[in-house]
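Peer 1: These are the residues of each chain, in order.
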Amino acid sequence: MSRTAVYNTTVSWKNEHWGHIVLGNGPEMDFSAPPDAQGHPGVLTPEDAFVTAANTCVMMMFIWATERFKLNLLSYECRTEGTKLIELDRTEIFTHLRFWPVIRIAAGDDKPEVVEARTRRALQSAQKYSLVANSVKSEIIIEPTITIETEKEVSQ
Amino acid sequence: MITVKVLGPGCDNCKKLEMVARQAVGSMGFEAEIIKVEEYAQIMKYPILSTPGLVINEKLVSAGRIPSVAEVSTWLADAAMHES
Chain Z
969 MSRTAVYNTT VSWKNEHWGH IVLGNGPEMD FSAPPDAQGH PGVLTPEDAF VTAANTCVMM
1029 MFIWATERFK LNLLSYECRT EGTKLIELDR TEIFTHLRFW PVIRIAAGDD KPEVVEARTR
1089 RALQSAQKYS LVANSVKSEI IIEPTITIET EKEVSQ
Chain P
172 MITVKVLGPG CDNCKKLEMV ARQAVGSMGF EAEIIKVEEY AQIMKYPILS TPGLVINEKL
232 VSAGRIPSVA EVSTWLADAA MHES
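Protein chains in written order, with our numbering: chain Z, 969 to 1124; chain P, 172 to 255.
To be clear, the hints were calculated from the coordinates, so they are not data collected in a lab. Misleading hints may appear alongside valid ones.
In silico DSS-like cross-links for lysine-lysine, where the CA-CA straight-line distance does not exceed 30 Å [what the hints assert, rightly or not]:
1) Lys207(P) / Lys230(P)
2) Lys207(P) / Lys1120(Z)
3) Lys1079(Z) / Lys216(P)
Partner residues aside, some chain P positions facing chain Z, computed with beta carbon under 8 Å [unchecked claim]:
4) Ser198
5) Gly200
6) Glu202
7) Ile205
8) Ser244
9) Ala248
10) Ala251
11) Met252
12) Glu254
Beta carbons: idealized from backbone N, C-alpha and C, even for Gly.
In isolation and in its complexed conformation, chain P is listed as follows (with noise of 0.2 Å):
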C-alpha cells in the first residue's frame, strides 16, 4: 500500500492539497493511506522549505505549492512502480 503524507499545519492548502491527494488516489483506484502531518516538529522531519508538502512513500515529491491531479497521479504511479 502507498503512503501518502500531506505536511502542513492545517491551512486552506494544506486542506486543498490533501483534497487534490484523494482525488488522484481516487481517480487511479490506487490502495493508498493519506495521512495527515500537522506537527511542526513531524514536517521538519523532511527536507522542506515551504508548506504545504506532499511525501509519498516517505519521498518528499512537492512543497510549498498545490499539485495538479495528473501530476500526483503520475507520482503514485512511480511510488507503485517501485514498491516490492
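Chain Z with its partners taken away, still in its complex shape (with noise of 0.2 Å):
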C-alpha cells in the first residue's frame, strides 16, 4: 500500500533580491538570486538548490546502495551540472542534470570486475530510488569514474 510524507520549507522576502529560508529540517539561510540574474553571489539560489537536491539525494541513495550491497566504500565525490534551456517566450527549464560521481571502492576478497558491476548496479540502483531524481522532469545522466582497490592499494 502507498504511503506519503511531507517535508517542508518557508521562505520570506527581507527586501530588493533577498530572501530568507528555513528548512524542514533545521538548517536557515539568506539566498538570492544568481548574480546574471539579478541576484548575489556568495549565497544559494534556486539554481544551486535544484541541483543540490538531487546531488545529494543520489549521493545518499548510494551510500545506501553500498551498505546493502557489501560494498567497502572508500570514496565518494560527484560534480553535477544542470543545464538550463531558454526557450523562444523566456520560459526556462533544467532539461539535464549530468553527474560525475568518482568512486573508489575496496577490492576486499572479490575480484575487481565483480566488484566493479555491484558498484555500477548501485549506482543504478541510487538513480532508482533517487526521490529527487524520480521527482524531476530533467534528463538525468550519470557518468562515473570507479576505481577498484586491492588491499595493497588502499594501504598506499
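Relying on the hints, combine the two individually framed chains into one complex.
Peer 2: Following this line, the structure appears as C-alpha cells:
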C-alpha cells in the first residue's frame, strides 16, 4: 500500500533581491538569484538548490546501496551540472542533470570485475530509488569513474 | 542474504533458469542462496500458472519463461536494496 510523507521549507522576502529560507530539517540561510539574474554571489540560489537536491539525494541513495550491496566504499565525490534551456518565450527548464561521480571501492576478497559490476548496479539503484531523481523531469545522466582498489593499493 | 528459489519439476527450462540465476548471482557477487523447489505442492504456494518460476526473497518475479541474466541481476539488486 502506498504511503506519503511531507517535507517543508519556508521562504520570506527580506528586501530587494534577498530572501531568507528556513529548511524543514533545521538550517536557515539567506538566498538570492544568481548574479546573472540580478541576484548576489556567495549565497544559495534556486538553481543551486535544485542541482543540490538531486546531487545530495543520489549520493545518499548510493551510500544506502553500498551498505545493502556489501561494498566497502573508500570515497565518493560527485560534481553535478544542471543544464538550463531558455525557450524563445523566455520560459526556462533544466533539461539535463549530468552527474560525474568519482568512486573508490576496496576490492576486499572479491574479484575487482565483480566488485565493479556490483558498484555500477548500486549506482543504478541509487538513481532508481532517489526521491529527487524520480521527481524531476530533467533527464538524469550519470557518468561514473569507478576505481576498485586492492588491499595493497588501499594501504598505500 | 538473498534467497532465490527456482520453481519447476526439473525440466530443461528449469535447469536453464537455475543456471541464469547462478550467473546473475556470480556476476554481481551477491550473497545469495539458490534453492530448487521441485515439489508441486510447494510450487503451488506461489501465484504461478506455468513453470519455470523464479522467486527472490519470497516475491515471484517471473513465471513461464527464462529471463535474461541482466533481468535477474536487476531483481537481485532490487531485493538487496530492500533487505533490512
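Peer 1: Now, for every hint given, state plainly whether the structure supports it.
Peer 2: Here is how each hint holds up against the structure:
Distance restraint check for Lys207(P) and Lys230(P): the Cα-Cα separation of roughly 15 Å lies within the 30 Å cut-off, and the hinted pair is therefore satisfied. For the given pair, Lys207(P) sits about 40 Å from Lys1120(Z) by alpha-carbon distance, which is inconsistent with the 30 Å threshold. A C-alpha spacing of about 37 Å is found between Lys1079(Z) and Lys216(P), which places the hinted pair above 30 Å, so the restraint is violated. The closest approach between the C-beta of Ser198(P) and any C-beta of chain Z is roughly 6 Å, which is under the 8 Å cut-off, so the hint is satisfied.
Against a cut-off of 8 Å between C-beta atoms, the interface hint on Gly200(P) holds, since the closest Cβ of chain Z lies about 4 Å away. Hint status for Glu202(P) relative to chain Z: holds, with the closest Cβ pair at about 7 Å, below 8 Å. Among the interface hints, the one on Ile205(P) is violated; its C-beta lies about 17 Å from the nearest C-beta in chain Z, farther than the 8 Å criterion. Proximity of Ser244(P) to chain Z holds as hinted, the smallest CB-CB distance being about 7 Å (cut-off 8 Å).
At about 5 Å, the closest approach between the beta carbon of Ala248(P) and any beta carbon in chain Z falls short of 8 Å, and the interface hint on this residue holds. At a threshold of 8 Å, the smallest CB-CB gap from Ala251(P) to chain Z is about 5 Å, leaving the interface hint in force. At a threshold of 8 Å, the smallest CB-CB gap from Met252(P) to chain Z is about 5 Å, leaving the interface hint in force. With a cut of 8 Å, the hint placing Glu254(P) at the interface with chain Z holds, because the nearest CB-to-CB distance is about 6 Å.
Hints 2, 3, 7 from the earlier list are contradicted by this structure; the remaining hints agree with it.
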